[in-house]
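*Asks:* What follows is the residue order along each chain.
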Amino acid sequence: MCLAIPARITAIDELTDAATVSLDGISRQVSLALVEDARIGDYVLVHVGYALNKLSPEEAEQTLRLIAEAGLSAEDVP
Amino acid sequence: MADLTGRIDIELRRLPDRIGVTIQASRPTAASRLFIGKGVEETAVSLPALFSICAGAQACACASACEAALGLTPPTSIIRLRRMLVDLETVKEHLWRILLDWPRFLDEPPLDEAMSRVMAAYLRLRKSLTRPADLLRPGAAAAEPDLSASAVALDELAQLSEQQVLGTQPSDWLTRIQTGDDLLDWAQSTDTAPARLMQRVHAQGWTSLGRCQVSGLPCLLATDLEPLLSGTGAERFVAEPLWRGEPRETSPFTRRRQRAPVTDLARTLGNALLPRLAAQLLELASLQSDLRSQLGRLDEPIASPAQSLGEGVGIALVPAARGLLIHRVAIDRGRITDGRISDYRILAPTEWNFHPRGVVFQGLAALPVTDADTLARQAGLFVTAVDPCVDYHVTIS
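These protein sequence lines map, in sequence, to chains V and L.
Count the first sequence with my numbering and you get residues 1 to 78, in order.
Count the second sequence with my numbering and you get residues 79 to 475, in order.
This is chain V alone, in the form it adopts within the complex (with noise of 0.2 Å):
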């Protein structure tokens, strides 16, 4: 089952058309190539490296809810 992870964008840097995304403390670099008017505080849904949509917080929340009751947290990152 293929899974991907709301984030929220804490930075952008325009100039590599990047973002940095989080999500329970944890940080990386996403591609925004993929999405449009993606800007800080927006949640976004993240897969292998890119940001593939926008969503809103209720969205977000509801899948993140989803995704704490299937037993994945971000502690079971190793």
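Simulated from the structure, these hints should not be mistaken for lab results.
All C-beta atoms, glycine included, are put in the ideal place defined by N, C-alpha and C.
This list has only true hints and no planted wrong ones.
Simulated restraints on C-beta separations:
| id | chain 1 | residue 1 | chain 2 | residue 2 | range |
| --- | --- | --- | --- | --- | --- |
| 1 | V | Gly25 | L | Glu378 | 45 to 55 Å |
| 2 | V | Asp24 | L | Ser194 | 20 to 30 Å |
| 3 | L | Gly115 | V | Glu61 | 19 to 29 Å |
| 4 | L | Arg418 | V | Glu61 | 21 to 31 Å |
| 5 | V | Glu14 | L | Leu93 | 47 to 57 Å |
Go by the hints and put chain L onto chain V.
*Replies:* Chain L alone, transformed into the frame defined by chain V:
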């Protein structure tokens, strides 16, 4: 964060006479258990939000399995539109692989801008087809797609496929490419990254890489799967599936093996690298051509992807981008509005293909013993050609 979505770790060991392989997957194969106890409608909304990479196929499988479990038969136009959304998603996923991953093996940057335009056309087409808005929910009653907007968006996708991949319209590519020689002629006369990759695979003598003896998953019936998905061994089965005790493959290659030019290529190369790459190009062209023809025949009969297995149990088999996606649901009451999920199992194609003894394992084990850099590139391209839906890492020792 990649670990939250699951990851496949592949370790290759260069032994004197062969390649040793270990595959470890950390994919959340039991996550569907969280839907037990939830309502049917809530599940149909939540499930594709969670499994969002192939959300269309997941939503189609969920809605179809729930309807079968509840004894509901959707109208033909709903079944066909759902199938079109699944096929459209497959086109988008193949373009992702071809535009973003294949260039890496040419030492070229990913085609981000082209993929961005693909995503925009994909979203427009999905929106114009998803009418009513509850098309992918159990009990959807009537299909009302925006056919003219759908045709325009399909034209955009076909144009992008022509410019970035095929060098010609999808329907023309299908007519022209009948044999392995046709494919090589096309690769040598077309200036797109995928054509250059085909040339390089030929020039480097990589066409037969990864050839192994794993058979395709046969055409399964829901009744074949019911005992495997409902018994005490179901959790293990969905994590590491075997059919008749053997690992099997389900992929664009196994789906298209009987179609030109894959048939001709497979005759001499079996399930090796080149027929796999060709199958993905073939499917890209073929599905776009099919989508166009289906716009005009929404009400023509089409088989449902789901089957009822007695009261309250339904199984759906959906041809998702990377292979066959299987859902089994058990519901403890008889209506959409008050039914509760009592069991839910999902078996995704990656579990077959990346089984610890499966086609990727055996294909990698068949690679020649060579220097570490070459081995890493060959392994990476082979794994990309089989196409996992999660991040993967190859380490070589």
